[in-house]
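J.: Knowing the structure of chain D, use the given hints to seat chain L on it.
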Amino acid sequence: MLPAPFTAEFLNRLEVLRLRTRKEVLGNGPGVYSSPRRGTSLEFADYRKYSPGDDLRYVDWGIFARTDRLYVRLFREEVDLFAYVFVDASASMAFPSVTEKFSAACNLALALSYVVLANHDHVRLHSLNEAPAASPFLRGRNRIVDLIDFTAGIEPAGAPDLAVSLGAHLRRVRRPGKAILLSDFLVPADSYQKGLNLLRAFNLDIAAIQVLSRSELEPPLSGELRLIDSESREELNIRWNEATRRAYRERLERHNRELKSYCHQSGIHYSMYRTDEDLTDFVLKALPTMGLFK
Amino acid sequence: MEFLNPAWLYSLLLLPLLLIPYLIRRRPRRVVFSSVLLMREFAARVSADRSGVPPIFFLHLLILALLLLSLGEPSFPSRLLTVALVLDNSASMQAVEDGRSRFQAALGEAGRILRALPAGARVDVYLLAPRLAEIGEPALAPAQALAVLSRQKPLDVGERALDHGAEFSRLARERGYERLYFVTDHAAAGQNGNVRVVTVGRQQNNLAVTSLQLSRPLFNSPQLDARVEVRSFSAAEEKFTLNIKGGGRIIASRSYAVAPGKSAAAIFDSLPAYPFYEAEIASNDALTLDNRRFAVPPPAGGVKILAVSPRPEALASLRAIPGVELQVVAPEVYAKGDFPPHALEIFQYSAPATLPDNSALFILPPAENPLVRVGAGSAKAGVTGWREPHPLTRYVNFALFRPPYARPLKLGRTGEAIIQSSDGALAVAAEQKNFRYLALGFDPLPFLGRQNLPMSIFTLNVLEWLSAAQSRAIATGAPLAAGLRAGENLLAPDGQRVDLGANSAALYQGIYRVEGNGARYLAVNFDDVAESDLRATAPVQLRDEAGAPAERSLAALIWPYLSIIGLLLLLAEWLIHPLPIWRWKREPAQ
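Line by line, the protein sequences are chains D and L. Counted the way our numbering counts, the first sequence spans residues 3 to 296. Counted the way our numbering counts, the second sequence spans residues 8 to 597.
Bear in mind the hints are in silico, worked out from the structure with no lab data behind them.
Covered stretches of chain D (chain L as the covering partner; in silico rule of three or more C-beta atoms under 8 Å from a C-beta of chain L):
1) 177-189
2) 218-230
3) 249-260
For every residue, glycine included, the Cβ atom is placed at its ideal position computed from N, Cα and C.
Extracted from the complex, chain D is given alone in its bound form (with noise of 0.2 Å):
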């Protein structure tokens, strides 16, 4: 059963986007995303010299004719995708419930993995806790079914460091491709900046969304409080009023600017889903704003 925002109206449309990358992947099988090798694809790559052997019909008469030359033509291969949703399962998540948004940001993977899958490319969806787990390279829509029992078995838990979790998932990534990350990214900026380059070493084409709840917008705290950090614990008295709720706001804004720019700098697309917000709404239209689809 697919959750409630999926629809079949949603999923059509899902079906007619497909991820866009900016850089060229290794794929397995023959797709439409460029690869660096050479293939017989219809998109001209290059010329080279004839040589013995090569099919006479890549040889480029033309040039014969003018030059007197034997060049053959190059075409471009065109391969399926890898793609790898990453999805942050840190107890931060679960925050202010496991509703509110930790399933808002599995909806949202599965959503873009939907795409994926309709694409007849692959996929795999990571979990980034303390026992990473990843679902195996899925192909083809049916296979949606199989990611809904991967995200409903993740229970964010835990304080895991976004770079060692991300690590530990990259050990098995073989094919360059398309990477997802989701999470809330409330975590100092070294911590993220650290993961996000793990990524790129990767040559993995990035995507950063950054999931983030009404409560975590704006609090709706009051009074003498001991604020306990869900991953950590650590805890803080604070008197929460207006001037508290501001200085939150501006410092909020503050870091999720430093890491837009970061993005930015780093060729990351970068884009903001508060959980409130219309799952259709955004994929349909405020993801494709920002380049992840075609």
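T.: Relative to the frame of chain D, chain L by itself:
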């Protein structure tokens, strides 16, 4: 400065409670948040200024203190010059607490009050028992009043059931007292601008002998039975030893236990003859006065009867009763005669002009008699009702009780119907001045013995009841002269001769010796259960009465100004801080 309602000052102890809402509000709620990463900067700054309470707390404290203080009704003390001091000297003030009696404690309080008065003050001193009366000279100096009070001692009488608050208020108003102090063991309820109640004593457990009745099992029997009733005014079960004394010696003794608030009855049979008896419980309770009770036995060895009748034949049959000495005279002889002492008088078909100073039986009295009104015509002799239990109806089988002729009687100002027929009362009994009177609408004579057993038993009951009147005990506070005949003198239990002036009341319990026509004894007992109950005395209800002459002017009262200041501050606080602390809403916890 003094407080008209000082009990409210205890409410100032509640002031620290004001801190509670602040402390509750200041106690940080534990809230789990996704990440405190972004709050670390300003959390440290906030924690630094968490010391102390907000300034609004001190404004709230001031408002609350002012309002509570104004409830105590502070006022500037005026210079009291005319003061009355009423001392409770009733029996309950004899209760002993911590080695001294309530009365001694009351004297101490009175002394403290008097010493605090200015030198020019004038004091009138009153005692509460047996009735509210001024003692000593009026307008005494405080030192003189203290001297007068120090000579007083508590009486063995209870208080009259009066509304003390209203009475004192009236007294203060009529006599123009600026302040009336009532020193008592009663608490006060309400307040009055002039009357102050000073309470001494606390709740105590107590046992009381509430009844001692001596009776002869048979008419003219030499033996005596005693019935004693002991009542508990304690919160727990009490064990005690009950002693019966005859002539000052213990002649019987038993141990009993009585449940809280209940009574225990004991019967002692075949007591030897003594001139008087005393029942005493050996108990160390607070009030020893009600641990004793006295009684004088009914006369034995014959009843002297003076009978007045125009037809004395039937009366002569009374001589058949053993112990009855009968003297029969005609009505006209009785009017001018001087007769030797006798226990009772019987008027058959006749009546004196006034009730005699003796117990008397009126048999079918004429219409002009001083006791009852006689109905017209004859009554049906059938008995339709009778008082039960009553000494006059004891052992009488009224199913067989059929007087041959009867006339209905109607109750006068006093008396109660003992036997009733369908047409009216057939027997009316009354008690006045320690004498007993009985009017019969039928003639029980002649005395036929076993031939008419119900009527004979009734006749013997009548003779016993009437003759027992002279040995009946009287209660403290009742007039002593009521139990005396002309020419008799009275010696108090301490041997002092009692001055029997007008309305001379029995102030002390004990056995009084009556001297005159032969010596006899009179038992006087303290008989007031309200005084014996030391657990919760009824409070003195004070009411502020408008128009009292000594009412304080508004200028002397501070509390209205304090109230106004408090309310103005409250208004100011509301303007500054529209949401009071008790209405602050809290966000739901995450």
